[in-house]
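If you're matching them up, the sequences are chains A and B in order. With the numbering used here applied, the first sequence corresponds to residues 1 to 526, in that order. With the numbering used here applied, the second sequence corresponds to residues 1 to 223, in that order.
Be a bit skeptical, because a hint or two may be false.
Looking from chain A toward chain B, a few residues come up when the C-beta cut is under 7 angstroms (computed) [claimed, not checked]:
1) A33
2) G64
3) W66
4) E143
5) G157
6) V162
7) T166
8) L173
9) S188
10) V190
11) D236
12) F291
With beta-carbon atoms standing in for the labels, derived distance ranges [claimed, not checked]:
13) L7(B) - D206(A): 33 to 41 angstroms
14) V371(A) - C17(B): 53 to 61 angstroms
15) M66(B) - I30(A): 31 to 39 angstroms
16) P56(B) - I114(A): 33 to 41 angstroms
17) G53(B) - D206(A): 21 to 29 angstroms
18) S2(A) - P56(B): 52 to 60 angstroms
No wet-lab data here; the hints were simulated from the structure. The beta carbon of each residue, even a glycine, is placed where N, CA and C say it ideally should be.
So you can see what is in the structure, the chains are spelled out below.
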Amino acid sequence: MSIELLLALPVMLPLGGAAVTLVLRHHARIQLAIAISALAAIVLVSIILGQQVIEHGVLVLQIGNWTPQLGIVLVADRLSALMLLVSSVVTLAVLVYSSAQTVSENVEQTPVAIYHPTYLALVAGVSMAFLAGDLFNLYVGFEVLLAASYVLLTLGGSASRVRAATTYVIVSLLSSVIFLAGVAAVYSAVGTVNLAEMAVRLDGLDAGTRMILELILLVAFAIKAAIFPLSAWLPDSYPTAPAPVTAVFAGLLTKVGIYAILRLETLLFPVSEISTVLLAAAGASLLIGIFGAVAQTDLKRVLSFTLVSHMGYMLFGIGMVTQAGMAATIYYVCHHIIVQSTLFLAAGLIEHRGGTTNLIKLGGLQKLAPVIAVLFFVPAMNLAGIPPFSGFIGKVGLIEAGIAYDRASGWILIAVSVITSLLTLYAIAKIWNRAFWQEPSQEIIERDVPLPHLMGGATAAMIGVSLLLTLLAGPLMTYADEAASAVLERTPYVGAVLGDEAAEHLQYRIDDQGHRIDENGQVVEP
Amino acid sequence: MSVSLTLLLTAGVRVACGVYLVLERTLSRIILGFVLLGNGVNLLFIIAAGKPGLPPFEGSGDPEAMTDPLPFAMVLTAIVISLGVTAFGMALSYRAWQLFGHDEVPDDVEDRRVLRRRRRRSPEEIERLPWTQALSEESRRGALAQSQGFISAEDEDPLGADLTSAEDVPQDATEADEGESASDSVIGRRLAARRAARAARRAPAAGPATDTHREHTDGGGEA
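So here's chain B without its partners, still in its complex pose (with noise of 0.2 angstroms):
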């Protein structure tokens, strides 16, 4: 079968661009990246179908010399679907931006725990121990009294460790989030309460909960 090199390289160019606009952090873009990555594997259809002919109407010519219309009713079924999946898209990313004041992805909260864990640790520590005993003693003594009840782990890190979805609290809290109303709830209310405390305690260092923006921004983390 022959190819028309000007489809298939349209067709790899928008893959390509779309490729690169979902490796973005805002949604938004990632919306848009898949539209192009959608029309590009759209045109790999329409190259699927062969080379172009007749219209194909029953009894119109020969069988033989008809485009094979099979291809364009399967792309036009995807351009419906994109179509929609690209609507509740845009819906989320406008719903993250009245949420959070912007759209970005957040990272896998397994991820940003490593990272924070990491932080919590002085640089010139971690240089010196190996990677296995790169645990400071402090944590490490205070893993032990909690693990074994001394100390109350009410102050732990929340991220990640209360997924309740009746009150609702937030996988990872920014201060954009604040005002919300799930902080109206009980639980949303001593979070806060707790949250605060925190801050004033770490003063002046910034405490894990707001430092999220610069997560997103640094990238590398070697804060």
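Pulled out of the complex, with its shape left as it was, chain A reads as follows (with noise of 0.2 angstroms):
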């Protein structure tokens, strides 16, 4: 047995896990328990082929033995293995978050039978889509955590969640649509889905065929990743979920596609016209998404569009495409990804001790719950970027990229970042002041409900991991160092899928400044 076979499990746990607990629907317990030691087990499948990954590089795994260009491959890389112990370390969780709070606080109302299997099937549909090795993989990946997602988010089909679940339906719908198209593009034009040889391939075909296939693709993503403009569905359609269930689609969800926007733009179409593009759409979503929030009421209003604003950072990362610049996204993405979810799960803690989250209503929460101030207060401190948390670390990483970088774009970019840091402080601090500390309506002292442990204990778990980003930012920023590059470089990624004699074929690699540089040495002006 290879070692290459532990690729499919982080995929089949979680298939096999909603198969089994869909069955036995009627046993809420023993569902739990496999839910979460299926979810354990991917934890540490991860663990593992992280280890593997930076002893052997890059595993592929080719299913049934079919060669890459016909069948199914499954390949992790550095970037991909970080991702994926991330993901499952979030999703295992909030599954324990979830299982105190027991979806929502309804229970007669929703049917928690299905909440299992969905929430295993979402588990792999976003396992699958950090693993896919082709296009088309990618796409049913997407499909797979996207329907997963459309029912998650309308457990019970309230009115509520029947409202926002139409304009997230309707959204992801078209994306699924526009990156469909845009796979029968690229098969018609390079007639492969396998991302290496598409990577050899498009080297290949002239500039105005690439930025179209570019462009599609990259506006499918952009849907998912919710990058201003086109991020208006995500505040409307996420708050109305259960407290865990948002806490996994703010996490993982949009970082699946910026993880897709990553592949893009390093593998397949390196260092293209469109960077400049990127840029603007960082700066763009950095600011307005920012104001957004500090105009919200609804504490969970607020955190969605701080979401839509951060994803702006890594985007900045991205668009500058020099090696810093992606090592400093790679952090920033693990770092998001955790404390996004720790934010959401402490709102879902707020809700449950305030019976609200509108922050009108909130008030004297930190006499009332200390414990729940401190859950909220630190998160949030970190998402804000304040020394020492991961958020400060993630956010000087990629403003030395940018000071690196010395373009206009550039520097324009780190004003933005840095206002878009102060106006986040701002957003944060009136949270505060308005759930913290404002005098406490006779409602809230009255309605003195215990914190469940395990709710509390998720919550603080999260927070220790992300106290981990910063104890650990040394060599997690190594690490992240040596993915960025070998994802510049691309022919390890191409060479371990379809071996190195392909990968002298690919014409283009990037520099650590950001440049193309053809297989003359040359750098090529895009």
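With the hints in hand, could you dock these two chains into one complex?
Next up, the structure:
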């Protein structure tokens, strides 16, 4: 048995778990036990995968021993191994949290029986998207996670959720259709959907065709990643779902989009003409998202808008395409997955205690529920980028990369990111003032519900993981740096999938400074 | 690569019809639009497969003369996926019809908020003032008083202000929601009471909570 077979487990385990939990829908406890053990197993598998990737380089599993051109390939390089580890830790913590909350407080109205199978299907889709070695498999991964997310968003089928889900379903369907059209266009242009082979063949296409293909795929991914101007759906659809569901959506689904954009901009279309467009979109997302957040009066809507805003940071790093920028982006993605999920979990705790997420009605929680105050304060400061938390490290990394980039667009974005960071602090301070300091209403004082240990514990564990990102910032940055250089080099990925000979046919690679280098070592101006 | 014009035109017409339907306001038509769009895109795959040739069976003939089977495998997968998603979309549209009596897609929350804020002002006032000062003096004073805690914000526009999942307050309350299970809960009951009080106070003018339907139909909102 070779170690590559492990690659199938992050997809197979949750899918199998989903099937078993669906059969056992009348036994909630057994369902929960199966779901938790499946996710714990994935955490273990991704740790082993990460270790193997560090030791042996890129791992490739050719399912059914088909050749990579014909069959399904699962690929794990440093980047996807890291994404897999972070996502599995987050999904596990959120599941533990939701086990105490039983999805939402009105248990009798919510068909919890389908919660666990759907949740596991979502995890399978996310893992598949991270591991997919061909474009069509990536599409299938997206569809699996989207279909699961439709169900999770409409759990219980209440009025507000049906309204919210309508927008979400339509926008997601649209992005899926665009993605599918992109796959068809790519296939007719290069005759393959394998990412590695596409990388080799796309290099030989003329610039116009390349750009059309790139733009189609970019639009599809940018809708999923909620990049401005394709982000308006997010704040309307996420906040109505149960807190744990929103936590997973906010943490993971948008990051799957960012991961796909990262692969698109490095492996498939290295340093393309549109990197300026990416930088402009990053700046617009940062500013417009955070202005939206400042204007909101609902806690979950504020957090959703900060999510849109902070997607801009990751796009900033991708748009520069320098090694420092990529490394900072990879670190920032890890940080943001964890901190955004933690914040939504904390918002769930606030809702549990205060009975509402309306900032006008909340108040006095600092005295009434000091534990929740701490559990909210730490990730909130982390999001705003206060040292010594990981948000600060990620932002410093991005700004340093921007300084090294040394172009006008880079300087503008540095200014924008600093302003956004400040405004994030303002939005967070507004939440803090309203929810924790304001005089509590009689209603909140009377509503003295104890905090379930599992909910608090899961949130605290997530905070612990986010603090680990600070403690291990050195090794993690080194890892991200190596992941970034491998991604920019392109040959390790292609070589592992197709063999070193094919990798030599790659025409371009990206150097540390973000220039496209052709096979003779000459810089090609886009 | 030469391309069959018939297939290309069929795909194009389907996509065009699909886009037209997607721009409609009711969810069921949008879903139908997506079915058409998806079929158009699936045809693109068949175009990508190239010219029709021999059936692709191992050893049955010259591989060069065979049809490329891979795009068809992908189309099949895409068809299965769109089947499932269409079923979900129709169920969602049915549920919306059960709850609200229609399956219209709601406007963006922020858009509706801006629209309502505009409606609170008289039209002459808006015309007279430059856009920067188009806030009425009353609303400005109200905002100041509220920010200093003189008047409670209890009566604020509920739109998008409370998305508490436990109590399930609708993002945009309509009459159809009135008899809903959410109003059995504490907050639901309070909201309903407040809504009734506000409606009584503002009579005969329709309160913002009740005229959503008109927003959907008049589009421009030039009330």
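Here's how the hints hold up against the structure:
1. A33: violated (25 angstroms)
2. G64: violated (13 angstroms)
3. W66: Since the shortest Cβ distance to chain B is 11 angstroms, the answer is violated.
4. E143: At about 5 angstroms, which falls below the 7 angstroms cut-off, the nearest Cβ of chain B leaves the hint on E143(A) intact, so it holds.
5. G157: holds (5 angstroms)
6. V162: Constraint on V162(A) satisfied, holds at 5 angstroms.
7. T166: It holds, given that the least Cβ distance between T166(A) and chain B is near 5 angstroms, below 7 angstroms.
8. L173: Cβ of L173(A) sits 5 angstroms from chain B, so the hint holds.
9. S188: holds (4 angstroms)
10. V190: Since chain B brings no Cβ nearer than about 10 angstroms to V190(A), farther than 7 angstroms, the hint is violated.
11. D236: At about 5 angstroms, which falls below the 7 angstroms cut-off, the nearest Cβ of chain B leaves the hint on D236(A) intact, so it holds.
12. F291: violated (11 angstroms)
13. L7(B) - D206(A): 33 to 41 angstroms: violated (24 angstroms)
14. V371(A) - C17(B): 53 to 61 angstroms: holds (57 angstroms)
15. M66(B) - I30(A): 31 to 39 angstroms: Given about 50 angstroms between the Cβ atoms, the range is violated.
16. P56(B) - I114(A): 33 to 41 angstroms: holds (40 angstroms)
17. G53(B) - D206(A): 21 to 29 angstroms: holds (28 angstroms)
18. S2(A) - P56(B): 52 to 60 angstroms: violated (31 angstroms)
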